[in-house]
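Protein chains in written order, with the numbering used here: chain R, 3 to 129; chain H, 3 to 129.
Source of the hints: derived by calculation from the structure; they are not laboratory data. Errors might be hidden in some of the hints.
Pairs involving identical chains hold if they fit within one copy or between any two copies, as the list cannot separate such chains.
Said to hold, decoys possible - Derived pair list, reagent style DSS-like, types lysine-lysine, alpha-carbon separation capped at 30 Å:
{"hint": "1", "residue 1": "K70", "residue 2": "K108"}
{"hint": "2", "residue 1": "K94", "residue 2": "K108"}
{"hint": "3", "residue 1": "K81", "residue 2": "K108"}
{"hint": "4", "residue 1": "K108", "residue 2": "K67"}
{"hint": "5", "residue 1": "K67", "residue 2": "K81"}
{"hint": "6", "residue 1": "K108", "residue 2": "K95"}
{"hint": "7", "residue 1": "K67", "residue 2": "K94"}
{"hint": "8", "residue 1": "K94", "residue 2": "K81"}
Residue strings, one per chain:
Protein chains: 2
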Amino acid sequence: MRNRSVSHIFVTERFPIVCFMMRRDVFQAIADPTRRDIIGLIAHRSLNLNAVADNFDISRPAISKHIKILTECGLLTIKQQGRDRYCTANFKKLNEVSAWVDQYRKFWTEKLDALGDFLEKEAGETK
Amino acid sequence: MRNRSVSHIFVTERFPIVCFMMRRDVFQAIADPTRRDIIGLIAHRSLNLNAVADNFDISRPAISKHIKILTECGLLTIKQQGRDRYCTANFKKLNEVSAWVDQYRKFWTEKLDALGDFLEKEAGETK
DNA sequence: CAGGTGGTTAACAAGGTCATTAATTATGAG
DNA sequence: CTCATAATTAATGACCTTGTTAACCACCTG
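Using the sequences and the hints given, assemble the complete structure.
Here it is in structure tokens:
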């Protein structure tokens with residue numbers, strides 16, 4: 003039962019109702035390349051789910067699930083407009099990732115070789 | 003067959019030998035909290051596998067597998083010293099994550115509310 | 001060489017992820 | 001109201017992940 007946590011427990015007189023909320027962490031959310039692509043798509047403009055799905059070869063339900071995961075971890079917010087649900091990216095959430103990476107930044111930038119490695123990689127990829 | 007790619011194909015006269023190499027991407031590697039903890043552990047000093055395992059409640063084989071994954075994606079390098087294998091972090095690899103996050107940084111820092119959110123989160127956690 | 005220690009591999013189990021298709025819900029348009 | 005469209009849910013399947021224990025290999029020490 004990983005990544006789950008009880009967020010609220012509502013107790014009526016006779017029926018304890020336990021409400022689970024996925025504690026989807028951002029790291030896991032961005033681990034999937036499709037989800038990273040979705041984020042890239044909606045970075046500049048809000049899109050409804052179908053517009054997002056048009057950019058991928060997978061089914062709408064699959065996209066729907068990805069978006070659900072991104073929403074659950076706080077990276078996306080949904081705004082309902084009639085039938086359409088428009089997805090907007092909530093980039094502040096990426097600060098968690100940024101902060102984690104940044105604590106190690108000094109270990110690889112001290113030698114000032116990051117640029118060199120980046121260029122090396124670029125050259126390898128475009129070759 | 004996701005996350006796999008044929009990296010090299012050696013062909014002898016009679017035996018084509020296909021060598022698979024896991025294309026473990028860094029995002030997936032750091033998605034696991036245990037692996038992030040391992041990285042944190044060996045950030046400052048090289049540790050052998052048993053020393054790493056001592057810090058966790060899981061078995062040595064489990065740690066061994068995590069370290070294998072981290073090695074396969076380039077985040078760790080192993081230096082054998084007699085019986086011991088010392089793990090060293092290779093933080094340059096984190097640049098991939100950093101670069102991906104950074105392309106969106108302007109979206110959440112423009113408003114200069116990142117500090118506010120950070121403090122808010124801190125307060126929420128220590129409460 | 002024998003035995004202990006560091007570490008990996010093998011076999012397996014439980015649960016999670018990511019996709020599918022079919023059915024369902026909900027909204028807007030004619 | 002009826003139909004088309006936007007989107008979710010349900011049921012299912014294949015594969016991946018993460019852990020376990022037991023057995024094994026490799027190296028150092030006495």
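Against the structure, the hints:
no., hint, result
1, K70 - K108, "between (35 Å within a copy, 24 Å between copies)"
2, K94 - K108, "both (23 Å within a copy, 10 Å between copies)"
3, K81 - K108, "between (39 Å within a copy, 22 Å between copies)"
4, K108 - K67, "between (37 Å within a copy, 27 Å between copies)"
5, K67 - K81, "within (16 Å within a copy, 42 Å between copies)"
6, K108 - K95, "both (23 Å within a copy, 13 Å between copies)"
7, K67 - K94, "within (22 Å within a copy, 33 Å between copies)"
8, K94 - K81, "within (18 Å within a copy, 38 Å between copies)"
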